[in-house]
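J.: Below, each chain spelled out in residue letters.
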Amino acid sequence: MLTVGIDIGGTFTDLVCIDDETGSIEFGKVLTTPADPSSAALQGIETMLARLGRPARDIRNLLHATTLVTNAIIERRGAVTGLITTRGFRDVLEIRRENRYDMYDIGLEMPPALAPRRLRAEVAERLLADGTVAVPLDVTDAERAVATLADAGVEALAVCFLHAYRRGDHEQTIRALIERVAPGLSVSLSSEVVPEIREYERTSTTVANAYVQPLVKRYLRQFRATLAERGHAGGFFVMLSSGGAAAVDTAERFPIQLIESGPAAGALAGSFYSDTLGLPDLITFDMGGTTAKTCLIHQGRPRTTTDLEVARLYRFKKGSGLPIRVPSVELIEIGAGGGSIARVDRLGLLKVGPESASADPGPACYGRGGSDPTVTDADLVLGYLDPEYFLGGAMPLDRHAAERALRTRIAEPLGLSLEEAASGVHAIVNENMTNAARLYLVDRGETASGYTMVCFGGAGPVHAYDVARKLGAPRLVYPAGAGVASAFGLLVAPFSFEVVRTDIARLDRLDVRRLQAMYAEMESETQKFLENAGVAGGDIAFLRSCDMRYVGQSHEIRVPLPPMDDGTGLTAVLRTAFDAAYVRLYHRANPGAAVETLNWRLIATGPRPTVRLKPAVSSGSAFKGVRQAWRGEAGGMRPVPVFDRYRLRPGERFAGPAIVEERESTAIIGPAEIAVDDHLNLIVTLEAGS
Amino acid sequence: MIRDPVLLEIVWNRLIAMVEEQARVLINAAFSPIVSEMQDLAVGVFDRRGHMLAQSISTGTPGHTISMATGVRHFLDRYPAETLAPGDTLLSNDPWKIAGQLNDMTVVTPVFHGGELLALLASTCHSIDVGGRGYSADSREVFEEGLTIPVQKLIRGGEPNEELFELIAANVRAPREVLGDLRAQIAANEVSAVRLAAIMDELGLSRLDDVSSSIRGRSDGAMRAAIRDIPDGTYRHAMRLDGFDEPIDIVAAVTVESDRVHVDFSGSSPQSRRGINVVLNYTFAYTAYGLICAICPAVPVNAGTFEALSVFAPEGSILNARFPAPVAGRHLVGHFLPTAVLGALAAVIPDRVMAESSALGAASIYGRNDAGDAFLATFFSYGGYGARPDKDGLATTGFPSNLANTPVELLETATPLVIRTKELIPDSGGRGQFRGGAGQRITVETRSAAPCQVSCFFERIRHPAQGLRGGAAGRPGRLVLRRADGSHDDLHPKGQFEFRAGDLLTVELAGGAGFGPPDRRDPSAIAEDLAEGIVTA
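Chains as they are written, first to last, in the working numbering: chain A, 1 to 690; chain B, 1 to 537.
No lab work stands behind these hints: they were computed from the structure.
Some clues are possibly wrong.
To be verified - Within a straight-line C-alpha distance of at most 25 Å, the following computed BS3-like cross-link-like pairs (lysine-lysine) qualify:
hint, chain 1, residue 1, chain 2, residue 2
1, B, K153, A, K317
2, B, K391, A, K318
3, A, K351, A, K318
Stated by the list, open to error - Interface residues of chain A toward chain B, partial, derived using beta-carbon atoms under 7 Å:
hint, residue
4, D19
5, G88
6, R97
7, L439
From the three backbone atoms N, C-alpha and C, an ideal C-beta is built for every residue, glycine too.
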């Protein structure tokens with residue numbers, strides 16, 4: 001049988017297929033079809049199956065990552081969405097948090113709400129912070145509100161009542177009522193989508209869920225139906241933002257959990273490499289055409305967060321997008337890619353990105369009319385890219401155009417030589433990525449010294465050496481098959497589901513019995529989701545954690561929780577764990593201060609699939625020749641040996657500087673020991689502390 | 001000077017990233033929602049002479065940031081380099097030296113490298129309480145407003161100055177939050193100090209003097225180049241505010257001469273007998289802020305950015321109050337200085353200014369819940385943002401200060417208050433080719449048996465935001481208390497009152513003003529406003 005992973009990205013759809021019995025592996029890459037993303041995916045599957053001579057019924061499991069949800073929100077292609085709120089709170093979405101994301105830009109803009117004001121209705125009801133009912137739900141009022149919105153043409157309805165993270169009964173009554181008054185309407189309740197305190201963020205998330213729900217439902221159903229027509233009867237699963245795979249039913253109920261589906265697949269590729277390399281702690285560095293992403297893999301798993309933002313108006317500027325609170329792999333994304341544009345600013349300084357020449361017109365060297373110098377142009381001038389071997393020779397590059405752009409826009413205004421200008425662009429884009437990655441590490445109380453960096457994406461291997469050294473990572477890995485890395489991630493995604501409950505209580509007054517009952521309920525809830533996906537009850541592992549803070553603080557720290565079966569000593573264990581985590585982040589604990597608990601979390605996870613790869617090596621010498629390339633440590637152009645990735649054998653060792661070329665990317669390696677491992681990964685040992 | 005533009009870009013970016021991280025640590029570790037949710041703070045790194053090199057711009061409020069930029073030198077006056085040692089941290093809240101009110105605590109940590117003073121890391125945070133009569137604009141002298149802390153060592157060689165901590169704790173209503181926030185400020189500086197040392201090592205730097213002169217020189221140069229693009233001349237603007245009891249006039253003359261800008265506030269009202277007075281350092285901060293927004297907003301702000309700017313306000317005027325004038329509500333006047341500056345510059349660069357915005361509204365509420373525990377909550381909210389030359393104003397968005405609100409659900413969890421409504425006010429944004437942003441209405445009740453004490457800080461009740469270039473004024477704000485017996489009063493917008501169970505407080509925050517004549521508004525925008533119900537006719 002076969003396992004197939006499909007990662008539908010903005011430009012390309014990547015496919016990976018593994019034969020479960022032999023471990024042999026097949027790649028595919030087709031252009032994405034934005035109008036109906038499943039069409040490219042289906043075409044890719046067919047091509048791949050034809051190559052293997054296998055029928056669609058041989059596919060045991062198909063796992064699928066998609067940027068559908070993010071793109072629908074960015075491009076505003078979702079459903080006509082209404083919102084029902086507590087009386088007096090219809091405008092929560094527009095009042096937002098009232099602050100600006102840039103202090104000096106008086107012309108700034110905020111993203112328009114996904115549910116316009118005319119489709120937001122209020123209902124008489126009110127819960128208090130302790131969960132008591134101050135005003136019972138007025139059902140007649142609610143019926144009127146639902147009928148009005150239905151008449152106005154809404155396709156999806158979000159319901160978000162104040163303090164509904166405490167109890168969902170008012171919201172559930174609305175759902176029952178909608179099923180009666182306006183059947184067929186898609187409904188999202190805040191108490192189910194994200195039962196967390198803070199009304200703006202919860203409303204924003206619930207509305208986004210409603211907004212994409214009809215679209216996702218349609219898409220998944222159609223995709224599956226077409227596959228079934230072709231004989232596929234196996235499993236069909238979707239990658240959630242959290243890095244877990246889920247059955248279609250979960251994806252249809254909580255489509256907002258697909259918001260980072262694609263990047264999650266990339267992060268899980270980190271998990272995959274962590275397995276094959278036998279290294280539990282990794283930093284992934286994924287640099288493509290417009291952005292670079294970095295994710296921490298700790299103990300073989302990506303770190304997770306619930307603090308996301310989508311559709312930022314000012315690219316990458318925190319605060320300019322819509323907040324989304326769902327469990328997600330935690331990664332940072334910055335505007336640094338091969339297409340990032342270099343320029344001289346009004347201070348006479350060299351700046352790179354975040355503006356990108358993207359695919360059209362693209363870097364100057366693409367010869368499609370682009371005149372702005374980009375990172376790819378600099379890489380070409382520095383000899384890092386072979387103009388005749390870009391994408392394996394499928395796309396020749398125009399070196400003169402790259403030189404012209406860099407000379408006129410950068411070198412001449414700054415009084416630098418062409419190569420100095422290009423190396424400046426290369427250094428600054430690396431610096432931008434390093435700064436972002438370092439900030440991310442430091443924010444989590446980590447340093448790079450305990451982590452190995454794994455690089456992928458088209459531009460990742462060109463820039464990783466410098467970034468890894470600047471960050472202080474002791475080792476750098478250039479994995480085989482980096483061009484379709486995200487699709488690998490899908491093959492190792494365990495089935496998992498996460499739930500959360502907000503219960504604010506002082507730690508020293510913790511009601512352990514109530515807590516146990518709550519966790520028992522959460523366990524049975526998550527178990528149901530996983531059993532739906534075909535995981536046997538006995539194979540499910542539960543991971544509990546609690547967000548805690550000192551009383552008075554409003555930012556919490558996540559502390560792992562022991563199993564609930566024996567509650568004795570729990571308070572002391574949590575206090576110790578919290579203080580220790582606090583010291584790690586902020587140097588000093590506050591031993592006298594009381595601690596409170598906020599969100600109780602449970603992640604249920606099925607077993608992680610194991611994959612064995614059997615890659616093949618071509619015969620012949622790997623040495624391709626020597627070319628002039630910029631060597632930062634020498635401060636000039638020097639001859640550097642060039643190798644063919646497909647002819648390097650397991651166990652081979654050589655020394656950098658070296659250029660290693662493959663179809664989708666080029667590894668630029670400075671002075672260092674390079675070893676080829678059994679999986680054909682290049683392992684580069686960097687000097688400690690450099 | 002550092003001539004290599006690549007190296008300078010790298011160092012500069014590192015410093016900016018470092019202070020952004022420092023701000024994040026501060027927010028995460030803070031104990032009061034004023035810092036952790038509303039982000040009433042500023043963070044910066046300074047060279048060893050007290051020149052600011054970088055500040056956090058994604059969070060924080062400009063009054064703090066710029067007043068800290070020009071105020072940190074006072075810490076060095078009191079404790080010159082030779083009296084500082086590794087592990088020291090200094091504290092002061094002197095209004096005349098830094099941020100213009102006692103609630104703003106500035107914490108400064110010297111950083112040493114190779115035995116020499118290298119830099120200073122600083123933050124200013126709005127403390128929830130400093131004693132006295134509580135946070136209120138209703139005092140007659142600064143002594144009533146609470147405890148003044150001249151520049152003191154809060155930490156000596158790594159050992160906390162427990163006497164000072166005890167003294168502060170004994171003087172404030174909410175010691176847990178007040179000391180917790182100070183500890184968060186200390187932690188943020190310490191985390192940043194470790195980071196700075198690593199940056200120095202990695203880039204092979206031993207001092208920041210060259211970096212400092214290069215950063216400041218380039219920013220100064222960029223600022224002057226931008227000023228040169230503005231035609232020379234003196235541009236005037238006057239505006240009238242509610243004031244405490246009598247209206248306050250702000251009169252600004254902005255003179256552009258070659259590559260310098262001078263702002264003269266002669267003719268503005270004399271200082272007030274109540275706490276709405278502004279110290280000169282704070283006047284400079286918000287004046288400079290307005291100039292930077294209009295002239296050169298994209299240049300990173302540091303000490304160099306201010307060199308071409310100067311400000312004059314007569315001593316004894318509302319914008320240069322003499323000690324011991326009460327100053328707790330200084331933002332009720334100071335926040336309008338950017339507006340005054342933009343109003344003046346509208347005559348010469350109309351495409352780079354905005355119409356007048358509403359104002360920050362604040363209420364500080366102190367009482368006991370039914371369990372007998374004291375609570376103290378300050379909550380901030382905004383009205384509408386002024387329209388821009390090419391787009392509408394934003395609903396409920398701060399200008400010029402930049403605070404976030406406290407989520408209703410958090411406020412209700414921490415206090416016995418219940419917010420009954422928090423909604424946009426239709427027709428509150430001033431009309432124009434581009435419409436002012438909408439203000440909001442908030443109604444509040446308390447469920448505690450014991451009455452609470454409420455201090456108000458509201459403006460734009462009698463004098464609404466004025467439009468530009470034919471745009472209409474926004475709707476003014478209002479403050480009404482309806483008692484359980486059905487009687488209702490318009491409250492003094494800067495006074496204190498008792499708030500009891502059964503009372504309903506309604507706060508209406510003003511709308512932003514419009515830009516350009518209303519008859520030039522795009523018909524599709526008019527239709528959209530009507531459909532959204534944000535304009536009703």
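J.: Now, for every hint given, state plainly whether the structure supports it.
T.: Right, here's what the structure says about each hint:
1. With a C-alpha separation of about 37 Å, the suggested pairing of K153/B with K317/A is violated against the 25 Å cut-off.
2. The hinted pair formed by K391/B and K318/A meets the criterion: a straight-line CA distance of about 22 Å does not exceed 25 Å.
3. A threshold of 25 Å between alpha carbons decides the hint, and for K351/A with K318/A the separation of about 20 Å falls inside it, so the pair holds.
4. Given hint, D19/A at the interface with chain B, is violated; its Cβ is 47 Å from that chain's nearest Cβ, farther than 7 Å.
5. A hinted interface residue such as G88/A counts as satisfied when its beta carbon comes closer than 7 Å to some beta carbon of chain B; here the least separation is about 3 Å, so the hint holds.
6. Hint status for R97/A relative to chain B: holds, with the closest Cβ pair at about 4 Å, below 7 Å.
7. Because the smallest distance between the Cβ of L439/A and any Cβ of chain B comes to about 6 Å, under 7 Å, the interface hint for this residue holds.
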